[in-house]
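Trainee: Protein sequences, first through last, are from chains X and Y.
For the first sequence, the positions run 1 to 215 when this note's numbering is used.
For the second sequence, the positions run 216 to 552 when this note's numbering is used.
Treat the hints with caution; some may be incorrect.
[Said to hold, decoys possible] Here are some of the chain Y residues that sit facing chain X, going by a computed Cβ distance under 8 Å:
id: 1; residue: ILE246
id: 2; residue: GLN248
id: 3; residue: GLY315
id: 4; residue: GLU316
id: 5; residue: ARG318
id: 6; residue: ASN417
id: 7; residue: VAL420
id: 8; residue: LEU429
id: 9; residue: VAL431
id: 10; residue: ASP432
id: 11; residue: HIS434
id: 12; residue: LEU455
id: 13; residue: PRO467
id: 14; residue: LEU468
id: 15; residue: GLY469
id: 16; residue: GLN470
Just so you know, these hints were derived from the structure itself, not from any lab.
No residue lacks a Cβ here, since even glycine has one placed at the ideal position from N, Cα and C.
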Amino acid sequence: MRKIPITLAAFGLAAYAGFALAATEGDAERGKEVANLCIACHQADGSGMHIEGGESWPRLAGLNATYFAKQIHDIKTGTRVNATMTPFVNMLDDQKIADVAAYYSQLEPTAGQGGANADEATLKRGQQLAERGDWSQYIVSCKSCHGPGNRGAGDVFPGIAGQHAGYIEAQLKAWKEGTRKNDPQDLMGSIARRMSDEDIHAVAVWLANQSASSK
Amino acid sequence: MMRKLLTVALSGTFAFSANLAANEDTTQAYIDQLTSMGFPAPKESQLVHIPPTMADLEEADIHPELKKVIRKGYDLFTNTQQLRGENVFNNMNCSSCHLGEGRMPFSAPIWPAAVTLPGYRGKNGHVNNLEERIAGCFTYSMNGKPLEYGSDNMLALSAYHQWLATGVEMYPKQPIYGRGFPAPERPAELSYANGEKLYEENCAVCHQEDGSGLRVDGHTVFPAPWGDMSNNWGAGIVRLFTAAGFIKNNMPLGQPNSLSDQEAWDIAFYMDSQERPQDPRYTGDVKETLEQFGPTFHKHSMYGQVREHDGKVLADHDNTGEKPFLKPDTIRSRNFD
Numbered sequence: 001m002r003k004i005p006i007t008l009a010a011f012g013l014a015a016y017a018g019f020a021l022a023a024t025e026g027d028a029e030r031g032k033e034v035a036n037l038c039i040a041c042h043q044a045d046g047s048g049m050h051i052e053g054g055e056s057w058p059r060l061a062g063l064n065a066t067y068f069a070k071q072i073h074d075i076k077t078g079t080r081v082n083a084t085m086t087p088f089v090n091m092l093d094d095q096k097i098a099d100v101a102a103y104y105s106q107l108e109p110t111a112g113q114g115g116a117n118a119d120e121a122t123l124k125r126g127q128q129l130a131e132r133g134d135w136s137q138y139i140v141s142c143k144s145c146h147g148p149g150n151r152g153a154g155d156v157f158p159g160i161a162g163q164h165a166g167y168i169e170a171q172l173k174a175w176k177e178g179t180r181k182n183d184p185q186d187l188m189g190s191i192a193r194r195m196s197d198e199d200i201h202a203v204a205v206w207l208a209n210q211s212a213s214s215k
Numbered sequence: 216m217m218r219k220l221l222t223v224a225l226s227g228t229f230a231f232s233a234n235l236a237a238n239e240d241t242t243q244a245y246i247d248q249l250t251s252m253g254f255p256a257p258k259e260s261q262l263v264h265i266p267p268t269m270a271d272l273e274e275a276d277i278h279p280e281l282k283k284v285i286r287k288g289y290d291l292f293t294n295t296q297q298l299r300g301e302n303v304f305n306n307m308n309c310s311s312c313h314l315g316e317g318r319m320p321f322s323a324p325i326w327p328a329a330v331t332l333p334g335y336r337g338k339n340g341h342v343n344n345l346e347e348r349i350a351g352c353f354t355y356s357m358n359g360k361p362l363e364y365g366s367d368n369m370l371a372l373s374a375y376h377q378w379l380a381t382g383v384e385m386y387p388k389q390p391i392y393g394r395g396f397p398a399p400e401r402p403a404e405l406s407y408a409n410g411e412k413l414y415e416e417n418c419a420v421c422h423q424e425d426g427s428g429l430r431v432d433g434h435t436v437f438p439a440p441w442g443d444m445s446n447n448w449g450a451g452i453v454r455l456f457t458a459a460g461f462i463k464n465n466m467p468l469g470q471p472n473s474l475s476d477q478e479a480w481d482i483a484f485y486m487d488s489q490e491r492p493q494d495p496r497y498t499g500d501v502k503e504t505l506e507q508f509g510p511t512f513h514k515h516s517m518y519g520q521v522r523e524h525d526g527k528v529l530a531d532h533d534n535t536g537e538k539p540f541l542k543p544d545t546i547r548s549r550n551f552d
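In isolation and in its complexed conformation, chain Y is listed as follows (with noise of 0.2 Å):
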């Protein structure tokens, strides 16, 4: 017990709670509630933090100035359409893979990123910080155009993200509890036709048959899990394992880990042999962009394969959807050599 409680106090949930034993009580409640909606519980040696919310921002001793940028980092997590036609050019919102507002574990929380960067990433080869992995999503993710480095919604979006991982440590030691989309075990074998099946079943009630999801009055209620308003083939979500784990943990919505592990990971088979825009990395040549990022990335999707049922190569195409650009300019490598 006394590993769990210092956890707990390095972990930062100390700061908004009187006292050790409240404290104490307050992460069970929280891992109960997680259990008892199919989710493990954490390993000894995990690291939970529960992130702050809004309220407590409203109570939190911090200027009020501060404040202000915050929300507008939450203002512009839970609607990002608000840029759309200058940095997102589908439905999405940040919001709409990162539920619970960027604080639901196995739903990939946000907060990590603020502790765990700059770090090396194996997508593009070197080390990044907060700013230029939120940049990445919205190169792949919102099929757009990355904010600004340093400007006004760079600034919001990445104070939204530091405060909810209030009194964490930086780069800490523990693997962190519910972090990512953890996937579960791939099936030995994988059927398109059962997922689509499954797909009408349980996700085309929302996200509808031909997958372009539901816009009202111009906001996004169900996005689009494929075609043109969805994101593109750079996408963390087209690699199979983060589709099933983000299915299996979160969908359909209110009713995680409902799906069988096997249906989880037909649904994502089917889902991610869907067409979408190009990945913004593309050369000019499908194949060539494979060999190029097969082995840090495209692996695990279905980018450049053949679709068995109708012989369609996956991603031959030069289509950007809504972007009228291919790649942004601010993508670059880095090295210190």
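The following block holds chain X by itself, in its conformation from the complex (with noise of 0.2 Å):
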């Protein structure tokens, strides 16, 4: 691999959780290099892979470059807890990760999998959470944070329409347990603990089936 030069060119300060990262430029063509770190278990054109109940790969086509770049951050620092992950990371200084992070983010998103054999009553269950959530058990909806379509609010609240069921699973899973808690002030991991495994299943094969692009 050739030697990427480091130009650290600082363009805001993105605040997280009451700490702040400098936000580093990155560059989509040297992150298709870095890239090739990721394309075993992400796939070339980033759409991740859902096995069915055995673990899933994210779909990182499509993804906000901020979020992504400070999900790599975290894992890095221990702050995303993720053994996969940890080794493929460690090779990445903060230029590397803007760079993959603006690569993937300009990739067309890929459709979600895992939600293709699900029952009329669990999708609907899923809808419901995902629009208007359950407020008799203090529930809110996915989109009042994630946005319209959960297609992603922002640089802090990621699309989640069109993720892989398994993923999401997972990750609502980890936040009830407490195993994963990277979050901007516990606001994901609240709702989670408050959901049956139930409801989480519904919720992410729901996600699963709907459009990560607006078009």
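Starting from two chains that each stand alone, build the complex the way the hints lay out.
Mentor: What follows is the structure, encoded as structure tokens:
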């Protein structure tokens, strides 16, 4: 791999949960090379993979670059624990993280997997949780933070529509059990802890069936 | 227990329940959920009403045409931005402040308006009906122009309010549990600096440091707590106690009652010390407007006050935001003398 000149161009500060992360400008062209580390699991098109009943690797294509970079930084610092990812992210400096984030953000999102066989009642419940929530259990809707169509809102709240069901389910369970807590102000954790495993499954399969793109 | 049962029966949840025992269990579960979130349990004398949900509407034994109207009302309530540029001139939806689609206690649930109006309203000094009350929200909170009385949209929005009140008696004598945004006790001192710090730590991740909120694809995700895209100076939430009550009971989203009373008040003080579009009742002079509407309203707000840290006189301007006029022409007083 050719040596990448490091140009740290801080263009702003993104505040997360009380600490500030200096943003490094990413270059998608350079990021494509960095992405060679990722394609074994996340695929060349960034589609990731849903393995029914097994591990699910998230779709990266089309994810917000700032959100993406924060996740990689968090895995590197241990704020987000992921044993599989750790050896890979340890190979990345700030510039490479910014570059690979820029690369994946401009890829066309692919379809979510894992929702095809869900029954109608499960999907209906999932849709309710995603779009209206269930205030009788103080579960606010996904879209109240993840934005219209759950396609993401700003740099902090990622798009979750069209993400793989297995990945969404695993993450919500991780929040519920407290093994993932790198969200700002426990905003996701406080909702996930109120969700039953059935509700987590329902919302995951419904979201997997939605489009990540507004087009 | 009998008394609570009676309250519940009167409040209309009975209509949604097959028998009293199940009904009592439902109400107890509803109350348990709220108390687990830090809300107070209802007092013995209070009226507890569980408003129906949109799923209940599908099952309800009412005319399909009425269902359509109520669905339209729900749609307007949760996506009021569809009226942008006609009736709404900021980034607000009704549901931005009335959480849980207008059903949540301690988040100014909207059904009480349907059973307590027509009634006298101190804010405008005359008797208002449900339509005029909704018009008030459009005038101030939406920085807008009210839906026309009797129009299709007004009918739909009113119908949604009234349907949520299904089964509650008109003019209930008991106080309503969770009505309005009940405010925590006002602390002795309020701190702008602490409010600013707390806002940045707890609120800015969604509402942004400059208070502009966040919009995506033409939809409001996080409403603007101040500035041109927020409610104007005449909206109820510019009163510190209303803002403190809203914040304490509802914010951060999903974490009600997580802030202390002092914190909620300090954030309210900070938020309500920022600029926003002019009060539609503005006479052309901020002092005169304050004299006129101070006793009934602005004595609780920062309107016309000097902001301590920079000496700015708040609301001393004629900015109406995106709205191309100051006062909707439908605002008028009534008297029956």
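Trainee: Against each hint, give a clear statement of whether it holds in the structure.
Mentor: For each hint, the structure was consulted:
Contact between ILE246/Y and chain X, as hinted, is not supported at the beta carbon level, the nearest pair being about 12 Å apart and thus beyond 8 Å. Proximity of GLN248/Y to chain X holds as hinted, the smallest CB-CB distance being about 7 Å (cut-off 8 Å). Among the interface hints, the one on GLY315/Y holds; its C-beta lies about 4 Å from the nearest C-beta in chain X, closer than the 8 Å criterion. For GLU316/Y, the interface hint holds, the least distance from its beta-carbon to any beta-carbon of chain X being 7 Å, beneath 8 Å.
Satisfaction of the interface hint for ARG318/Y is found here, the shortest Cβ-Cβ separation to chain X being roughly 6 Å, below the 8 Å cut-off. For ASN417/Y, the interface hint holds, the least distance from its beta-carbon to any beta-carbon of chain X being 7 Å, beneath 8 Å. For the restraint placing VAL420/Y at the interface with chain X, the shortest Cβ-Cβ distance is roughly 5 Å, inside the 8 Å limit, so the hint holds. For LEU429/Y, the interface hint holds, since its Cβ comes within 8 Å of a Cβ in chain X; the closest pair sits about 5 Å apart.
The criterion of a C-beta within 8 Å of any C-beta in chain X is met by VAL431/Y, whose closest approach is roughly 4 Å, and the hint holds. Hint status for ASP432/Y: holds, given a least beta-carbon distance of 5 Å to chain X, under 8 Å. Interface hint at HIS434/Y: satisfied, since its Cβ lies 4 Å from the closest Cβ of chain X, which is below the 8 Å cut-off. Interface hint status for LEU455/Y: violated, as the beta-carbon distance to the closest one in chain X is roughly 24 Å, over 8 Å.
Because the closest C-beta pair between PRO467/Y and chain X is about 6 Å apart, less than 8 Å, the hint holds. Evaluation of the LEU468/Y hint against chain X yields a held restraint, the C-beta minimum of about 6 Å falling below 8 Å. With 8 Å as the threshold, the beta carbon of GLY469/Y comes within range of chain X, its nearest partner Cβ sitting at about 5 Å, so the hint holds. Look at GLN470/Y: its Cβ gets to within about 5 Å of chain X, closer than 8 Å, so that hint holds up.
Hint violations for this structure: numbers 1, 12, all remaining hints satisfied.
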